[in-house]
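S.K.: Chain by chain, the residues run as shown.
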Amino acid sequence: MAKRLILIVFITLSVCSLCAAAQTGLDSLDFHLDEVEVTARALTKDVIVPQTLKGAELQRMNALSVADALRYFSGVQLKDYGGVGGIKTINVRSMGSQHTAVYYNGVQLGNAQNGQVDLGRFSLDNMEEIQLYNGQKSDIFQSAREFGAAGNVYLATRKPYFREGEKVHVHGQMRFGSFALANPNIGADVRLTDRLSLTMDAEYVYSNGRYPFRYRRVLPSGETAYDTTAVRQNGDINAVRAELGLHHYYRTTGFWRIHAYNYWSNRGIPGAIVNNVWRNGERLQDRNTFVQAQWQDEWFGRWSTRLLAKYANDFTHYWNYDERLLPSNNQYLQQEVYVSLANKVQIFQWWDAALAYDYQYNTLNRLNLLLDDGAESFQRHSHWLSAATAFNIKEYLRLQASVLMTAVDQHTPRVTPGVFFSVRPFAMHHSSLKDLSINAFYKQSYRFPTFNDLYYTDLGNADLRPELARQHSVELDYRIQQSAFSIQASVSYYYNRVTDKIIAYPKGQQFRWTMLNLGEVKINGVDAKADVSLHLPLRFVLRTRLNYTYQTAIDVTNPNDTYYRHQIPYIPRHSGSVVVGLDWQSRRGDHYGLNYSFIYVGERYSQQENTIYNYVQPWYTHDINVYGEWGISTAKQPVWIKANIELNNMLGQDYEVIQNYPMPKQNVRCTLALRY
Amino acid sequence: MHTRAKILISVFCILYSVFLLSCRGDEVVYPTIGTHVTDEVREGGLFVLCEGNMGSNKARLDYINLHTGEYYANWYGSQNPRQMKELGDVGNDLQQYGNRLYAVINCSHKVEVMDLQARHIGQVEIPNCRYMAFRGDKMYVSAYVGSVATPELLGSVFEVDTATLEITREVKVGHQPDELCIIDDKLYVANSGGYLTNRYDSTLSVIDLASMTELGKITVGLNPTRVRTDDQKHLWVCCQGNYGAVQPCIVILDPQKEIHRLAIPCANIAMWGSTAYVIDNEQHKLHAVSTIDFEELHQPVDISAYEHPYGLLATNDALYITDAKNYVSSGVLHCYGYDGKEHWSALTGDIPGHLCRVSGVYSLYPDTARKDTAAYSPYISRVYEYKPAVGQFVNVLPKYEEGDDAEAMCRKCEQAIANNAGGMICLGGWGGYVTFGFDHAVQNNDGYDIQILGNAFLMSGNEAYGSSEPGIVLVSRDENNNGKPDDIWYELKGSEYDNPTTQHHITKTYTRQSDTIRNPFHQQPYYPQWIEEESITFTGSLLAPLTENISGQNVQRILDYGYADNKPNADKQGTSFDISWAVDADGNSISLPCVDFIRIYTAVDEHNEITGELSTEITGAIDLHLINN
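These protein sequence lines are chains A and B, in that order.
Residues 1 to 676, numbered by this note's numbering, are exactly what the first sequence covers, in order.
Residues 677 to 1305, numbered by this note's numbering, are exactly what the second sequence covers, in order.
Worth flagging that the hints you see were computed from the coordinates, not collected in a lab.
Straight-line distance between alpha carbons at most 20 Å, and here's what the computed SDA-like set of lysine to any residue pairs gives: (1) K394(A) to V49(A); (2) K522(A) to Y550(A); (3) K79(A) to M730(B); (4) K761(B) to Q233(A); (5) K761(B) to P212(A); (6) K848(B) to L326(A).
It should be emphasised that the depicted structure is a prediction, and the values quoted were computed from it without experimental measurement.
Take the sequences, apply the hints, and build the full model.
M.R.: Next comes the structure, spelled out in structure tokens:
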């Protein structure tokens, strides 16, 4: 019944938008290329400004992948299994990585199998902007599914930008580094017509992953108990990424674009270092392919429509021929079809409303090549229907409310609300407090069980309910921009509660696990961050970015548990980062810079019980990089050459983010890039 | 100082201390933490192997000292702090054999070999090893993979020499072999096929130990994981079924054919006496089943409140059952009496799966552990009682001095004969005895176990005669675990036991007053002076007189076997004893796995004028298992 209802809504919406399209003429607003800000009205802006890293700042980071960059956001915990090929996932405000959705150019990256996106696979080289939204993107004009997750990471790739008369941009880059890292990248943007352009980007990554690591423990007397240095084995990676984008801005308000993405990798899974085991034999080969299309336009100056469509095809081949283990050889094929239609109407200047519907179809085929049991396949239909509204009272108050209905297969449809507001008490004063705002939100979100949760032979449980996260957050945000300096600072307090948490739990029989809705977690946290830029004499600019997070995330499932009210695994109470960068620009426009970053993750526990046997030491790394960028004028366009040397984990700390997965000691990366 | 400067300095100090606190220090080895869990006093100890989850490297060996009631988490850690990455990843089996403790660490692909205080001796590298069985000087280890991979994914059983810790032979068995046990000369291995969902194995492989070849397979039931033997030499096989339509059960076989089937899902099983204790982890019940008629007995312990009953051990005086909770946090070890009463419980590591009670005496107080790294001493280390009957060497060997009490005399005996000191003590006339022990329990392995040294010698030219002053040897287990030799004694049946001239259950009393005879060489009192009572009474067996006059010499007929101080020490076989000879008071054979105490008393009541009474002399004793090694 629910499905039919949703279908009707979808058709109705489509018809409306088509009619609207037929009746409108051209609008004449600024020519904006930004996917978000197609129109420049205040209302479409975010109620709560996200944490952002973009452009030059992103390039200055000691970071190779998106995961590395996300470490500099507050409230984020990164799980990193080490090395270029090691899996890297993030967990926002302790709600679990499956509550975090990752969007690639506006469309969610999916993994119906286990619900996690490995952010280590997304290179920074083609990235223009990374944004992290707690709760949700507080712009109501979005696809229905975007209202669904508890934390959202938006990745936006480089968009073509041509100056008058420019037809082609080309860039090439070579990066070398420790552990035989070789990482060439080439790309080109071509202006096919005035409004139609093509972007291409390709990258290859190789690393042998053979980094040294060290385990040392001392006796209570201080005498060394053991001290062993070994080299990580089976951590090699070969990966190729190729992307193609076609952008057509046919009107100031209307555009469509198509993006094709292909990633292929072959890597070793180095595995846990445990007593008597220095090498593991698991291998992983995968190919992720997707094509996504987006069309967006606006009519009457008040009606906006966006249509998204995506097809993804992900193939994974996992095998293990470690002679000491039972061999395994499995293949998985996941497919996803996704369509979304979003409409927004501006009822009054101060009042918007939006309605969106998304549909997704997922399949998973699993094949055990050793047992030849035949393929198993699972599928799922998901529907999202959202309604949202936003209004503002001049500049003082912005308010948004949304409600989302999610229907996934046999699960009872769930309805989740979200309310966001922002107050700027001094908005109309032209004082330095103009940009002081108090933001708050309340949001509920469900994480639906993944295929693994539901169907895995030794794990699955088809009766699972979705996991519910409830977030409450208050934030004080202050910004000021002067010619000599700019400051952005905020402090937020949040209280989250995750109930019906899906956890693996042993079933009656030995060695048999099942997934159950057993867990309950209470999270209290404070995020504080400040970005300060100082324009110094002699064209020096000093930039600092400070982040600090305090979190208690305690298990409140059952008072009889030995871990009742203990901090949940791998959530540090304290974590933070400091980035200090000094930039200098010569008169002719060359750039030189020095960047230092420090990341700190406090003590935490590897298991539910906070005992000394599960204690994991804090870790902190000091990274530094030096770069220079030189422009060489040619007849038509300037050629830019950029060189960058990074030194990571300068003091060579032997640390683990995840227990028994050692991280690399000191390592170096050198990049030479050419841009035309 | 300026106020602002003060503030700045304080702020700096606070920040600096926060920084120090939040810094990484040296990683200190995981500590051993002792917790007092019971005031109950028993002897010996119990090892608990906590499996830990795969990849966590959290296999943990805990120890409870049953004498002090102290539970030591991570006991292995304190004994072996220098072991790189501790005990390892996923403990899967724990057993004591002889004077060693063996632990299978599944995902570290090794069998860890320790002494009975859990000090590392060595390790045997076996890929994906699962369970162990022992026989003679060999250990048999099942493993999910063999040394050469087969396309059928067959497992193997490895034979390991316990002396050298080298793999000697290997035999291929079925899919994913789990437990194994030995009856007579055959090894039975449960082929679970547990990794092959929907195509579990259902057989036991039968291995001939002599040739180390598979004789064949016995079909039992789907997914057999555990196989144990009981006192009736039955095989009990726990089949887990397919977690679907095929229900789990226990199949009981005599080694040839199935004789009974119990519809009990069996997570774990333990034997004690004629009872099999079975954990039913579906209904959370502990079943007790007779090994004779397979009738279910009363349920000894209520475990319905357990989250996941898991490990099980039945001993003479207690049932130990563990609750693995949610498998990813601390489990609980419960100790019950056979009356069903819970005596105590203790928090363990993750997944307490394997329990091993170690018997023996003070060797098992790790607190008083010797500091050297050698294994146990092969020589006796302690004399518990010295109570000679009246005799010419009494108060001389060892020497009594004014003020010595029984305890002091024991210490003097220790100085003379313990730790291979080479001295001698005399037991006096018939019935006089000494009780001693080693720093460990002597295992009853195949063949001889103990050698007892005396001062017998053979007549030159006629080796049927010589100087024999035979002593009868008794052995005892510390059944009540109190560390004292107050348990049942069993006689080691010598060659004269069934001789009609041998009199059993004889009692004789010596009094201080009757101690009047003196020979010219020994004029000291013959009655043990440290004994305050006016009389001492002995009971035991009395052999017929042995002295004969051969070629003008008073010599004794040398007995065939089974007596101390009967044959010269150089005759190793003639001075050695097999614990398997033990009989009870009625002469019934008794099977003892090991013994804690040894007593020797003079077996004859003979006196001749020149050499005085025949009295057994002891100069030491040796645990042959340790000397051979």
